[in-house]
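K.L.:
Here is how the chains run, residue by residue.
Protein chains: 2
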Amino acid sequence: MASFKGTYVHQLDAKARLAFPSRLRAQIPEGGTLTVSAENCLTFYPAVLWSDMERELATLDPLNPDARDTKRQLFGSAEDVTFDKQGRIPIPFHLRDHAGLTKEVVVMGVGDVIELWDATAWQKRHVRIVADASDIMRRARGGVPHSP
Amino acid sequence: MASFKGTYVHQLDAKARLAFPSRLRAQIPEGGTLTVSAENCLTFYPAVLWSDMERELATLDPLNPDARDTKRQLFGSAEDVTFDKQGRIPIPFHLRDHAGLTKEVVVMGVGDVIELWDATAWQKRHVRIVADASDIMRRARGGVPHSP
DNA sequence: TGATTGGTGGGTTGTTGTGGGGAAAAAAGG
DNA sequence: CCTTTTTTCCCCACAACAACCCACCAATCA
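Protein chains in written order, with our numbering: chain A, 1 to 148; chain B, 1 to 148.
None of these hints come from the bench; they were simulated from the model.
Keep in mind it's a predicted model, so treat the numbers as computed, not measured.
Treat each hint with caution, since some may be false.
Said to hold, decoys possible - Below, in silico cross-link-like pairs of lysine-lysine (DSBU-like), each with a Cα-Cα straight-line distance of 30 Å or less:
1) B/124 x A/103
2) A/124 x B/124
3) A/15 x B/15
4) A/85 x A/103
5) B/15 x B/85
6) B/103 x B/124
7) A/15 x A/85
8) B/85 x A/124
9) A/5 x A/103
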């Protein structure tokens, strides 16, 4: 299984294209799926991982309204991404909107997925993470629900 | 199995035709069935999935009044859908009426089906979903009945 | 320093959504 | 049963957008 790491800052150009960092791109030549995250960022799933996600969503009860809304949120926002010859991906408006992407985009390898953040949004979150690092990492083990 | 994803906003023209997004159309060249959803939107079932649905509805208890109403709702409103040479589908009045379609229509891939929403109706629901995302997704797993 | 790789910008060409006219088919009415 | 009206489908035309291609600059490495 691929393991992504590292942080890269790239520019969104006038056509809403993003040059994907070549180090990360080399691990996923065949592309994958981009969709919204629970936080205000975007999550890129490599092809294998996305099909796992699809299988999991398919097990949700179709009679449960919350399950339907969940599927709407994840599937409706998802976009297949492939790279052009320059290694760029277009980012549709609704995804830019969800993550607040304007110009500077932080592309970050996070283990099995890749996240896309607006640069300033990430900066703000990053200082919080650094400040509370020890608490956060302790709670990460317990699976205790966190408060915003 | 086909997996539909992505959100597209298209216009309903003066003849009540809707241009089906080409990305989605490519996955279902032979068309399918369009009927009402439990929410105020329309659901498009690809041919294979609709026959499953028919079989499932056939198993409902004919002595249960709710079962009879369910069959009335789904079968009675259903329309076979094929594309014209421009990739458009006509949407009959009773379906437009149920979903409140006027001009702007949101076409959304939701896994195994495709949903059609009035643009403003979807917008309102979407902000609610995003706001309550973590709660909704938690309830989606548990199958816990939700309160409006 | 020369060469290669990686990020950025922009022009050009197809494809796709949208509108509307006209022919064929179906429905309604005498 | 035939005529008139309505509906449905097919075709053409245009505009907007997305994909593809080529070119430039900067940074890195030999």
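K.L.:
When you check the alpha-carbon spacing of residue 85 of chain A and residue 103 of chain A, does it fall within 30 Å?
P.N.:
22 Å, holds
K.L.:
Are the Cα positions of residue 15 of chain A and residue 85 of chain A separated by 30 Å at most?
P.N.:
Within the cut-off at roughly 16 Å; holds.
K.L.:
For the pair supplied as a hint, residue 15 of chain B and residue 85 of chain B, confirm whether the alpha-carbon distance does not exceed 30 Å.
P.N.:
15 Å, holds
K.L.:
CA of residue 124 of chain B to CA of residue 103 of chain A, is that 30 Å or under?
P.N.:
28 Å, holds
K.L.:
Would the hint linking residue 103 of chain B and residue 124 of chain B be met if the CA-CA limit is 30 Å?
P.N.:
16 Å, holds
K.L.:
Is residue 85 of chain B within 30 Å of residue 124 of chain A, Cα to Cα?
P.N.:
Violated: residue 85 of chain B and residue 124 of chain A sit about 51 Å apart, past 30 Å.
K.L.:
For a C-alpha distance cap of 30 Å, please report whether residue 124 of chain A and residue 124 of chain B respect it.
P.N.:
Between residue 124 of chain A and residue 124 of chain B the Cα gap is close to 29 Å, so the pair holds against 30 Å.
K.L.:
Would the hint linking residue 15 of chain A and residue 15 of chain B be met if the CA-CA limit is 30 Å?
P.N.:
Given pair residue 15 of chain A, residue 15 of chain B is violated - Cα atoms ~34 Å apart, limit 30 Å.
K.L.:
Does the alpha-carbon distance linking residue 5 of chain A and residue 103 of chain A stay inside the 30 Å limit?
P.N.:
Satisfied, since the Cα-Cα distance of roughly 22 Å is no more than 30 Å.
When held up to the earlier numbered hints, the structure conflicts with 3 and 8 and fits the remainder.
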